[in-house]
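Peer 1: Chains A and B supply the protein sequences, listed in that same order.
Counting along the first sequence from 1, when you hit position 121 you're at 159 in the working numbering, and nothing is skipped either side.
Counting along the second sequence from 1, when you hit position 69 you're at 107 in the working numbering, and nothing is skipped either side.
Since the hints were derived computationally from the structure, they do not count as laboratory data.
Any given hint might turn out to be false.
Simulated crosslink set (SDA-like; lysine to any residue; CA at most 25 Å straight-line) [unchecked claim]: (1) Lys184(B) / Gly146(A); (2) Lys173(A) / Lys107(B); (3) Lys173(B) / Leu61(A); (4) Lys173(A) / Glu183(B); (5) Lys173(B) / Arg65(A); (6) Lys237(A) / Tyr168(B); (7) Lys184(A) / Phe235(A); (8) Lys69(A) / Glu183(B); (9) Lys64(B) / Glu208(A); (10) Lys69(A) / Gln176(B); (11) Lys173(B) / Ile66(A); (12) Lys173(B) / Gly230(A); (13) Lys173(B) / Phe145(A); (14) Lys204(A) / Gln288(A); (15) Lys204(A) / Gln176(B); (16) Lys184(B) / Phe145(A); (17) Lys335(B) / Ile207(B); (18) Lys184(B) / Tyr168(A); (19) Lys69(B) / Glu131(A); (20) Lys184(A) / Asp72(B); (21) Lys71(A) / Lys184(B); (22) Lys101(A) / Glu50(A); (23) Lys71(B) / Tyr168(A); (24) Lys69(A) / Glu205(B); (25) Lys107(B) / Lys69(A).
Covered stretches of chain B, going by a simulated chain A footprint (3 or more residues, C-beta under 8 Å) [claimed, not checked]: (26) 68-79; (27) 144-155; (28) 169-182; (29) 189-195.
The C-beta atom is built at its ideal place from N, Cα and C for all residues, glycine as well.
Protein chains: 2
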Amino acid sequence: MNIHPMWENYPELATELATTLHLMEKRILLKNKDIETAILSMIHSGGKLLRPAYQLLFSQFGKNRNVEKATALAASIEMLHTATLIHDDIVDEADIRRGLPTIRSTFGNNTAVYAGDYLFVCCFKMLSNYSSSLKSIQLNSRSMEKILTGELGQMDSRYNLDMTVKEYIENVSGKTAELFALSCFVGAYESGTSERFAKNCGEIGSNIGIAFQIIDDILDYTQSSKTLGKPVLEDVRQGIYSLPLIYALQENPKELHPLLEKRESLTDDDIAEIYTLVHSSGGVIKAQNLAADYTNKALNAIEKLPKTKENTKQILLDITQTILTRTN
Amino acid sequence: MNIHPMWENYPELATELATTLHLMEKRILLKNKDIETAILSMIHSGGKLLRPAYQLLFSQFGKNRNVEKATALAASIEMLHTATLIHDDIVDEADIRRGLPTIRSTFGNNTAVYAGDYLFVCCFKMLSNYSSSLKSIQLNSRSMEKILTGELGQMDSRYNLDMTVKEYIENVSGKTAELFALSCFVGAYESGTSERFAKNCGEIGSNIGIAFQIIDDILDYTQSSKTLGKPVLEDVRQGIYSLPLIYALQENPKELHPLLEKRESLTDDDIAEIYTLVHSSGGVIKAQNLAADYTNKALNAIEKLPKTKENTKQILLDITQTILTRTN
Numbered sequence: 039m040n041i042h043p044m045w046e047n048y049p050e051l052a053t054e055l056a057t058t059l060h061l062m063e064k065r066i067l068l069k070n071k072d073i074e075t076a077i078l079s080m081i082h083s084g085g086k087l088l089r090p091a092y093q094l095l096f097s098q099f100g101k102n103r104n105v106e107k108a109t110a111l112a113a114s115i116e117m118l119h120t121a122t123l124i125h126d127d128i129v130d131e132a133d134i135r136r137g138l139p140t141i142r143s144t145f146g147n148n149t150a151v152y153a154g155d156y157l158f159v160c161c162f163k164m165l166s167n168y169s170s171s172l173k174s175i176q177l178n179s180r181s182m183e184k185i186l187t188g189e190l191g192q193m194d195s196r197y198n199l200d201m202t203v204k205e206y207i208e209n210v211s212g213k214t215a216e217l218f219a220l221s222c223f224v225g226a227y228e229s230g231t232s233e234r235f236a237k238n239c240g241e242i243g244s245n246i247g248i249a250f251q252i253i254d255d256i257l258d259y260t261q262s263s264k265t266l267g268k269p270v271l272e273d274v275r276q277g278i279y280s281l282p283l284i285y286a287l288q289e290n291p292k293e294l295h296p297l298l299e300k301r302e303s304l305t306d307d308d309i310a311e312i313y314t315l316v317h318s319s320g321g322v323i324k325a326q327n328l329a330a331d332y333t334n335k336a337l338n339a340i341e342k343l344p345k346t347k348e349n350t351k352q353i354l355l356d357i358t359q360t361i362l363t364r365t366n
Numbered sequence: 039m040n041i042h043p044m045w046e047n048y049p050e051l052a053t054e055l056a057t058t059l060h061l062m063e064k065r066i067l068l069k070n071k072d073i074e075t076a077i078l079s080m081i082h083s084g085g086k087l088l089r090p091a092y093q094l095l096f097s098q099f100g101k102n103r104n105v106e107k108a109t110a111l112a113a114s115i116e117m118l119h120t121a122t123l124i125h126d127d128i129v130d131e132a133d134i135r136r137g138l139p140t141i142r143s144t145f146g147n148n149t150a151v152y153a154g155d156y157l158f159v160c161c162f163k164m165l166s167n168y169s170s171s172l173k174s175i176q177l178n179s180r181s182m183e184k185i186l187t188g189e190l191g192q193m194d195s196r197y198n199l200d201m202t203v204k205e206y207i208e209n210v211s212g213k214t215a216e217l218f219a220l221s222c223f224v225g226a227y228e229s230g231t232s233e234r235f236a237k238n239c240g241e242i243g244s245n246i247g248i249a250f251q252i253i254d255d256i257l258d259y260t261q262s263s264k265t266l267g268k269p270v271l272e273d274v275r276q277g278i279y280s281l282p283l284i285y286a287l288q289e290n291p292k293e294l295h296p297l298l299e300k301r302e303s304l305t306d307d308d309i310a311e312i313y314t315l316v317h318s319s320g321g322v323i324k325a326q327n328l329a330a331d332y333t334n335k336a337l338n339a340i341e342k343l344p345k346t347k348e349n350t351k352q353i354l355l356d357i358t359q360t361i362l363t364r365t366n
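Chain A on its own, in the form it takes in the complex (with noise of 0.2 Å):
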């Protein structure tokens, strides 16, 4: 099994990662095995699987913890996270992803709907089967529900030259952090924490969620489509703007604002002196700014949690660090 090498320095954790990989293409099974093949190399297609790393780690500071069950709901968080993707790809017409071929590009937008729909019942299917109470299911679809509400609230905010950072976060809170947040508190609830402390878990994800995706709206930025690999801006012909624009959008709307409204007709010329004057009015820089408050917010709160002897508490550190402070 493939992990990716930012968890070789975590032998345990990487194990672990293995059997959920694992775990994951047990579960999937179609009669067609094209479609079956295409979601399953979409799960072998490297990503870093930061969602069932947290649920992994936060489940160290429950006293119930089993390893089976673990990595089981683990597995059903990160089919969650692939239904989404799958479908994220037809909304935003995605031919490329991790630079693979999208299930939408190759089998078409009608198989990537099922294939979606597919996965996410996989996930209630594994969430029935290993969580320990109706509540624990409960709150799962509640965070489902803030994940669906905050995609659905992207799409309200297309083309507006208004967005404010308030919106921004309210719908990234939703699409992104509400994955890492259920993460977190599923990983410490399950393992057998109080409510109160598994919150405070879930706290932690979500600011680790905004702060990430922040970032990826960042290295739209600031990388080359080759580095990303997808194409550079391509949510700003869709009308979707991220933090960096939304910033310089408040700065400098006299020569931002006639050329967004050109939509979807926004030439390569055109995309390129958006991407100038981003940079030009602080939108990055702010953004980093604004990145760095969530992922201070985040390591203090894990600064705070108590030992285990795994030394999970470094390990959340670490991770935490670097993924808020990559640059691909």
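Assemble the complex: chain A is given as a structure, and chain B must be docked to it using the hints.
Peer 2: The following block gives chain B in isolation, referenced to the frame of chain A:
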């Protein structure tokens, strides 16, 4: 609340179905009011609410029937059904359903993807809030898995000129019958019947669902597009060969193969010829006979159910006979 006229002879059931609709309405809350309205108008577009009706009727057999719970679970089943319809309309590129524009035709496929996902999640949330046990959620998610593998199975069989009756029944057992089975099972089980009794109810639902889908597919060959509220034989252009055509293909491959090999480029005249050939090869009559077999299986099993003071058995016999002899 507008309830389909088929329920007017059953005032108690009609009241509970109105409550079910109301519960769905209350649960669908989105910031984007356009999408919210679109989902709500789909819910209010005069569907028969068959699945909730069966669920509510079968819940009369348990000793712990509770109206609040029964209607909430009925709402969750109907939300699941609506979610699958919204996604089916994307896959089928359908512009019209029940005489109204579909969500994908009004808002685009993108919105329809998330709108369906949102309803899936609402369904899970409601299920997890009202089910009595994790086991119930497990059985629910197993059913949902069958529905999705049925949908994917049908996609897999597109343009297959050698499709067998067995394969057709397999796909239908998943994509349509499973939700009927689930409705009947959950209705009984969650009102406190034994699991064995509830499984028998699920079996009845499955037979009803198979007969229901066969009749739906027969109507494509016996109704005008106006009566159906959707274009006639659209399925055939998309390579979905249903039972009447499968029987006809066995009888008269020589005339049908060259026509069907035109796939998407079938003209209206071709469609008219297929329509005639399916009738002349006895495809419609054979399909009607098979539907009658499943209908009779269901009716015989209903006959054997115990008496309730609400006369549930008679209502089940009546409505099952009504919907399985429908001509539109």
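Peer 1: Are there at least three residues in the segment 169-182 of chain B whose beta carbon sits under 8 Å from a beta carbon of chain A?
Peer 2: holds (count 9)
Peer 1: Given the hint that lysine 107(B) pairs with lysine 69(A), test it: the Cα-Cα distance must not exceed 25 Å.
Peer 2: At roughly 36 Å apart (the allowed maximum being 25 Å), lysine 69(A) and lysine 107(B) break the hint.
Peer 1: For a C-alpha distance cap of 25 Å, please report whether lysine 64(B) and glutamate 208(A) respect it.
Peer 2: Within the cut-off at roughly 23 Å; holds.
Peer 1: Between lysine 184(A) and aspartate 72(B), is the straight-line Cα distance small enough, at 25 Å or below?
Peer 2: Holds, at roughly 18 Å.
Peer 1: Holds or violated: lysine 173(A) with lysine 107(B), Cα cutoff 25 Å?
Peer 2: It holds: about 17 Å lies between the C-alpha atoms, which stays within 25 Å.
Peer 1: Lysine 173(B) and glycine 230(A) were given as a pair; does the straight-line alpha-carbon distance stay at or below 25 Å?
Peer 2: holds (21 Å)
Peer 1: Within a Cα-Cα threshold of 25 Å, do lysine 71(A) and lysine 184(B) meet the stated pairing?
Peer 2: holds (16 Å)
Peer 1: For the segment 68-79 of chain B, do at least 3 residues have a Cβ located nearer than 8 Å to some Cβ of chain A?
Peer 2: holds (count 4)
Peer 1: Three residues or more, CB to CB closer than 8 Å: is that satisfied between the segment 189-195 of chain B and chain A?
Peer 2: holds (count 5)
Peer 1: Would you mind confirming whether the straight-line C-alpha gap from lysine 173(A) to glutamate 183(B) stays at or under 25 Å?
Peer 2: holds (22 Å)
Peer 1: Please verify whether lysine 184(B) and glycine 146(A) have alpha carbons no more than 25 Å apart.
Peer 2: holds (22 Å)
Peer 1: Taken at face value, is the distance from the CA of glutamate 50(A) to the CA of lysine 101(A) at most 25 Å?
Peer 2: With a Cα-Cα distance of about 18 Å, the restraint between lysine 101(A) and glutamate 50(A) holds, given a limit of 25 Å.
Against the hints set out earlier in the document, violations occur for numbers 13, 15, 23 and 25.
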